[in-house]
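J.: Sequence:
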Amino acid sequence: MTDLTDGVLHTLFHSDQGGHEQVVLCQDRASGLKAVIAIHSTALGPALGGTRFYPYASEEEAVADALNLSRGMSYKNAMAGLDHGGGKAVIIGDPEQIKSEALLLAYGRFVASLGGRYVTACDVGTYVSDMDVVARECRWTTGRSPENGGAGDSSVLTAYGVFQGMRASAQHLWGDPTLRGRKVGIAGVGKVGHHLVDHLREDGAEVVITDVRDESVRRILDKHPTGVTAATDTEALIRGNHPSGGLDIYAPCALGGALNDASVPVLTARIVCGAANNQLAHPGVEKDLADRGILYAPDYVVNAGGVIQVADELHGFDFDRCKAKATKIFDTTLDIFARAKEDGIPPAAAADRIAEQRMAEARRRG
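Numbering (the numbering used here), first residue to last: 1 to 366.
These aren't lab readings, by the way, just hints derived from the structure by calculation. All figures in this text were calculated on a predicted structure; none of them were measured in a lab. A hint or two may mislead.
To be verified - Straight line, CA to CA, 27 Å or less: simulated DSSO-like cross-link-like pairs of lysine-lysine:
1) K323 x K223
2) K341 x K287
3) K287 x K183
4) K323 x K183
5) K325 x K341
6) K341 x K183
7) K328 x K341
8) K328 x K183
9) K223 x K183
Claimed, not checked - The following label-pair restraints were derived from C-beta to C-beta distances:
10) G245 x G293: 17 to 25 Å
11) Q97 x L9: 30 to 38 Å
12) A57 x K287: 28 to 36 Å
13) R109 x D176: 50 to 58 Å
14) S100 x E235: 33 to 41 Å
15) K341 x R180: 24 to 32 Å
16) G284 x A57: 21 to 29 Å
17) A57 x A236: 20 to 28 Å
18) G293 x P243: 24 to 32 Å
19) G227 x A102: 39 to 47 Å
20) D343 x G45: 25 to 33 Å
21) G293 x R109: 49 to 57 Å
22) D214 x G245: 17 to 25 Å
All residues carry an ideal CB built from backbone N, CA and C; glycine is no exception.
Please build the complete structure, drawing on both the sequences and the hints.
T.: This is the structure in structure tokens:
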């Protein structure tokens, strides 16, 4: 426990990845709940971010994920033009083994105890039905079902926003926003990825997929009998070791850290644009991508469609209004590429500068 505490304190108070306003450790022994709620910033408004339910290898790994994800939400919400800061929660454990009504209600009480400083929603391992349960104890809950006053599945607009980011990337690199004839590899065809396949096929792209769940791959292949093929695994996908060959665009749509010291050197794609959070495994990867001539669309910019949707739920959900905001991800992505070129920095650094500027201006206004 000493090592865990020292690690958390160092990250919070001394690391460039820190600066969080509040971290709450939650436990309800009766239900088995162990959770971490991390609030990175409320400069722009109440922190908003999803609840991840995942079987972490250790408590330290769970805390680190909550810190990284909440920080990413501050930047995502700032770039999406939302009046929200960044927060994230993680529940430790296998949701298929320990998720229960009692656990979700206990979690809702912890979120409610923060008095609106943190607004929660769905993430990996949690679903609309779960948020309906959490909302019974906490009014600061979004991502609920339409029957319970919510907007429903936010992955629909998340995928749509990633598609807009891809179109902008194609426009920047190839001078045309269409993806017709382009080969796009998607790692992870679950919540968001399967919607992304639909957009790409409609636009005429050839799609190669992979997922750790065979049933997810089968579902896509059954729905799209032409124009979609499967790679054996993510490494084969990014290396082009499959009948379709190398990629034009790579879309990481599973967990974070997909762009790392092992994957970047073997990427065949010219563009990386996907839905996963925290795709860059560590600082410096964005430069490695740029050095290889690979255009990286910052993850928290292009995957903001979902948070745009759940934020709108707080004010009376209107799908058309949300889709219009998510469509602007195309223009925002192009602006970031232009800023990166002007400043001579990678797009990820350009996006950070823009987001940090907005948060700093909000803090100065008080």
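J.: For which of the previously enumerated hints does the structure constitute a violation, in increasing order of number?
T.: none
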